[in-house]
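There are 2 protein chains.
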Amino acid sequence: MYAERVDGLKSSAIREILKITSRPEVISFAGGLPAAELFPVKEIETAARNVFSRYGYLALQYSITEGFVPLREKIVKTLAAATERPGIGNILITQGSQQGLDLLSKLYIDRGTVVFTENPSYLGALQSFSIFEADVVPIASDQDGMRIDALLEGLRRRRPSLVYLMPSFQNPTGACLSMERRRRLIEIVKEHDLVVIEDDPYGELVFEGERSPSLFELGGMRNFIHLNSFSKTIAPGLRVAYVAADEEIIRKLTLIKQGTDLQTNTLGQFLVEEYLESNNYREHIRILRRTYKHRRDCMLSSMEKHFPESLKWNRPAGGMFLWVELPGEWDAREILQRCLERNVAFVPGQEFFPDGSGKNTMRLNFSNASPDHIEEGIRRVGEVLKTHGNYL
Amino acid sequence: MYAERVDGLKSSAIREILKITSRPEVISFAGGLPAAELFPVKEIETAARNVFSRYGYLALQYSITEGFVPLREKIVKTLAAATERPGIGNILITQGSQQGLDLLSKLYIDRGTVVFTENPSYLGALQSFSIFEADVVPIASDQDGMRIDALLEGLRRRRPSLVYLMPSFQNPTGACLSMERRRRLIEIVKEHDLVVIEDDPYGELVFEGERSPSLFELGGMRNFIHLNSFSKTIAPGLRVAYVAADEEIIRKLTLIKQGTDLQTNTLGQFLVEEYLESNNYREHIRILRRTYKHRRDCMLSSMEKHFPESLKWNRPAGGMFLWVELPGEWDAREILQRCLERNVAFVPGQEFFPDGSGKNTMRLNFSNASPDHIEEGIRRVGEVLKTHGNYL
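Chains as they are written, first to last, in the working numbering: chain A, 276 to 667; chain B, 276 to 667.
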């Protein structure tokens, strides 16, 4: 028979919605897909030629579990602002950040282990914690991220083995942990000697001002484990991401990764390293920032035009998602059904809430659709929203 | 604090040995590496050009968890001899077969779940079962694979939730489950309605006669889950493998994979599919068979020449490994230490035995070294073996 964890498994509503939205006539704000037309396809193609001519069969052979050394050396340089100077012994290359979560769940979570998360939180993290049968305790969060008063209240009642946060432009809300809260959170974490997983795939996609320093950079390796990825800044299909952490943790995660998938795919690692070596990655990120900012602004101005005034939404300063609150008695899943009839899709927010609240919330992705599609899609959603009172 | 499973984690001696053997002056029979000079590097390079020109950015974008449909369609055709005809709903693409084991461990193993394995068995499987805290029960095995009398004896005492086997050219011993035992095992499995994982990465690497039909093909999907991989027949660095199983199992594994790493790398899947489409894969496998057979024969004739007569070894009919039994009181780890001083390496067999026996066994890989290196390496190992009595 199946393991007990299987009882808690459910299909992600998002993956189900994505099956519908793969039809070309559907305008989708549902997925968390980066804009594919901005992928550096030509550059990766050139990188492939260079990699095969330089490394030959090594690009296709088994390689070490820790990850390709020149890639880890490049990653270390981007973390140079950290309080302690990380070396390549602090980096493990993972098969996407989702695998970082899987490996960390294996390292920290027994059945019933307490994990604090934001409320709402990233669905993939909740799925990973659920596979390992964690006791997830949601901590109230708002547009400045996890609320410090709620965290302190939580700590009075429970001792978490892990705290999981996405501090910059969170999935699903787009919220960003303010600098003041970052400082206060680090104090509390050090005082209680907690282990914090900082999941930071969107940190570079900042639209206004500079990137906030990460908790890992500000708070150090004793308490903070940093997950990051090239999925949102180069391309997700290569599945190249990394964990940065204390060396002892990296050694243990490496052992666990041996028993999990031996290693991250060799070719993808070589391609990312060669891409970083031969291209202006910072300039590429500036293009992503400009494009996504423009799409966010298109979505916001379309929402101003087409959405009823009774709704609230935020103005995320980065990332890929915008968050909408409907009147309290509305159910976003009903809205979605009516939107799908008009070939437009989004993700109802409830699934992101470990405490089952959030029935009246919606996540809108603005990175994947073109400005024209954003305007038209929001118009259709607006039509549904404006008449929704009649359907209740 | 760490999860309880972490207490059982230990570094694989193999990975430690591989760090030493990466020095170019070392002749290594230690790793399980396929012969890199036989990788179809040119063909994969051409496949990369075709993939980028045909699919563009889709080769770098997120894709579905189940895996690339045209690749699954091709895999299904290779399984056409099965008693029930599998469809693409019976296939999940995995990040190497090691991930297949991880996903299956998640699906079936709670702490203390009973898993029967051969004795000795594949180390990566034992690591995966150990991460999920299975109770591994080794079943005595010989050169014809798992012993039927030992399996029946095991079933009288315990009811396993899983039986794990590598029936064809097993890692580490090279043993192949005889057709008679395959038939008898299937009867027993059906009688007890057991779930069997058949791990079959070496099945195609057969040197004499034809490939044995897999248990999955002979016994059907109700009781048999088939793991297979392109790592040994195309290239391991792409990390493209698959699980074939009943649709319900595939659906559950797909959900688990969502929370594990979202999907297998898109580019690797596209490359394997395009390679299979545009090249003569069967002819490539024939070349691998001929080359590995020749290397096995070189190793056998060198052993005849250089090894003392008190040793026993097998003559595997396929795969990548040869198995040596030393006199009962010898410890292969001591032999290894002395071999490393002479820049030649192998893997002591004890680690492969769940019951801790096998101190006097050695695994020799013959696929990775050239015939010249095989002759010279075996000569050096022979020197150590011939004088080992003096060191006891």
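Do not rely on the hints blindly, as some may be mistaken.
The list treats identical chains as one, so a pair stands whether inside a single copy or across any two.
[To be verified] Restricting the straight-line Cα-Cα distance to at most 30 angstroms, the calculated cross-link-like pairs of lysine-lysine (DSBU-like) are:
| id | residue 1 | residue 2 |
| --- | --- | --- |
| 1 | K352 | K294 |
| 2 | K352 | K587 |
| 3 | K634 | K580 |
| 4 | K352 | K580 |
| 5 | K285 | K317 |
| 6 | K349 | K294 |
| 7 | K465 | K317 |
| 8 | K634 | K352 |
| 9 | K285 | K580 |
| 10 | K349 | K634 |
| 11 | K661 | K634 |
| 12 | K568 | K661 |
In case anyone wonders, no lab produced these hints; they're calculated from the structure.
Tested hints:
no., hint, verdict
1, K352 / K294, "between (40 angstroms within a copy, 25 angstroms between copies)"
2, K352 / K587, "neither (41 angstroms within a copy, 53 angstroms between copies)"
3, K634 / K580, "within (24 angstroms within a copy, 76 angstroms between copies)"
4, K352 / K580, "neither (45 angstroms within a copy, 53 angstroms between copies)"
5, K285 / K317, "neither (39 angstroms within a copy, 43 angstroms between copies)"
6, K349 / K294, "between (37 angstroms within a copy, 22 angstroms between copies)"
7, K465 / K317, "neither (46 angstroms within a copy, 54 angstroms between copies)"
8, K634 / K352, "neither (43 angstroms within a copy, 45 angstroms between copies)"
9, K285 / K580, "neither (37 angstroms within a copy, 60 angstroms between copies)"
10, K349 / K634, "neither (43 angstroms within a copy, 43 angstroms between copies)"
11, K661 / K634, "within (18 angstroms within a copy, 75 angstroms between copies)"
12, K568 / K661, "within (27 angstroms within a copy, 73 angstroms between copies)"
The structure fails hints 2, 4, 5, 7, 8, 9 and 10 (numbered hints given earlier, in ascending order).
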